[in-house]
Structure formats: C-alpha cells, structure tokens
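K.L.:
Sequence:
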Amino acid sequence: MICYDIAEDRSRRCMEKLLYGFGEKVNFTVFECQLKTAQFDRIWYEMTKFINPETDSLRAYPLCTWCEERVVFQGRGRKPGLPIDWIL
Numbered sequence: 140m141i142c143y144d145i146a147e148d149r150s151r152r153c154m155e156k157l158l159y160g161f162g163e164k165v166n167f168t169v170f171e172c173q174l175k176t177a178q179f180d181r182i183w184y185e186m187t188k189f190i191n192p193e194t195d196s197l198r199a200y201p202l203c204t205w206c207e208e209r210v211v212f213q214g215r216g217r218k219p220g221l222p223i224d225w226i227l
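Note that our numbering has the sequence shown beginning at 140, numbered continuously upward.
It is worth saying that the hints were derived from the structure and are not from the lab.
One or more of the hints may lead you astray.
Taking CB as the label site, the calculated pair distances span [what the hints assert, rightly or not]:
| id | residue 1 | residue 2 | range |
| --- | --- | --- | --- |
| 1 | Thr204 | Glu147 | 33 to 41 Å |
| 2 | Glu163 | Tyr184 | 28 to 36 Å |
| 3 | Glu208 | Phe167 | 24 to 32 Å |
| 4 | Arg209 | Arg149 | 35 to 43 Å |
Listed below are the simulated SDA-like cross-link pairs for lysine to any residue, each with C-alpha atoms no more than 25 Å apart in a straight line [unchecked claim]:
| id | residue 1 | residue 2 |
| --- | --- | --- |
| 5 | Lys188 | Ser150 |
| 6 | Lys175 | Ser196 |
| 7 | Lys175 | Leu157 |
| 8 | Lys188 | Cys206 |
| 9 | Lys188 | Phe170 |
| 10 | Lys164 | Ala199 |
| 11 | Lys175 | Ala146 |
| 12 | Lys175 | Thr194 |
| 13 | Lys164 | Ser196 |
| 14 | Lys164 | Leu202 |
Beta carbons are placed, not taken as given, at the ideal position from N, Cα and C, and that holds for glycine.
Please take these sequences and the hints and turn them into a complete structure.
P.N.:
Encoded structure:
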C-alpha cells in the first residue's frame with residue numbers, strides 16, 4: 140500500500156499518473172500495488188522525485204499474504220490481492 144500527501148498539484152498529479160501504472164487507486168492518494176522487490180525499489184526511487192521533504196509525505200506499507208487476507212473494508216472497491224478483470 141502506497142500513500143502520499145503532496146501539497147503541490149502538479150507533483151500530486153505526476154505521482155498519481157506514475158502509480159496508475161503499478162496498482163489500483165483505492166482512495167484519493169492511496170494505491171494498492173502488487174510489486175516484486177525490484178519493482179518497488181524502482182518505483183520508490185521515481186516517487187521520491189515528486190516529494191518535497193519539507194512539506195510532503197510518502198509512505199509504503201507492505202502487506203504480507205496473511206495481512207492481505209484480513210483486510211476489511213466497506214464501500215466501493217475490491218479486496219486487496221484479488222485479480223483485476225480486464226474488459227477490452
């Protein structure tokens with residue numbers, strides 16, 4: 140799970156665009172991504188380019204399979220870890 144709080148609109152849009160390529164947006168600035176370690180390392184490096192350490196924050200929370208199975212939610216969306224259905 141990747142969460143961010145970015146003050147500048149342009150940087151926030153760039154972060155969102157980057158993360159759309161790696162996961163699913165589940166809240167305004169929260170994405171659920173299934174990444175291998177190398178993918179995470181690469182995307183983390185890219186994400187830090189959009190952050191101003193004085194005003195912004197960026198957090199990543201790893202969810203193991205055990206944790207993922209116990210995620211509870213209500214409302215729109217789907218449970219983490221379920222495959223995405225693509226309709227073309």
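K.L.:
Taking the hints in turn, state whether each one holds.
P.N.:
The hints, checked one at a time:
Between threonine 204 and glutamate 147, the C-beta spacing of about 36 Å keeps the proposed range 33 to 41 Å intact. Look at glutamate 163 against tyrosine 184: about 21 Å separates their beta carbons, and that is not inside 28 to 36 Å. Restraint check, glutamate 208 to phenylalanine 167: a C-beta distance of roughly 25 Å satisfies the suggested window 24 to 32 Å. In this structure the hint that arginine 209 and arginine 149 lie 35 to 43 Å apart at CB holds, the actual value being about 37 Å.
Of the supplied pair hints, the one linking lysine 188 and serine 150 holds, its CA atoms being roughly 9 Å apart against a limit of 25 Å. Distance hint between lysine 175 and serine 196 is fulfilled; the C-alpha atoms sit about 23 Å from each other, no more than 25 Å. Only pairs whose Cα atoms come within 25 Å are accepted, and lysine 175 paired with leucine 157 is accepted, the gap being roughly 16 Å. Only pairs whose Cα atoms come within 25 Å are accepted, and lysine 188 paired with cysteine 206 is rejected, the gap being roughly 29 Å.
This hinted pair checks out: lysine 188 and phenylalanine 170 have alpha carbons roughly 18 Å apart, not beyond 25 Å. With a C-alpha separation of about 14 Å, the suggested pair lysine 164 and alanine 199 falls inside the 25 Å cut-off, and the hint holds. Restraint check for lysine 175 and alanine 146: not satisfied, since their Cα atoms lie roughly 29 Å apart, outside the 25 Å limit. For the given pair, lysine 175 sits about 29 Å from threonine 194 by alpha-carbon distance, which is inconsistent with the 25 Å threshold.
Proposed proximity of lysine 164 and serine 196 is supported: the alpha carbons are some 17 Å apart, at most 25 Å. The suggested pairing of lysine 164 with leucine 202 holds, with an alpha-carbon distance near 16 Å, which does not exceed 25 Å.
Violation of the numbered hints given earlier is confined to hints 2, 8, 11, 12; the remaining hints are satisfied by the structure.
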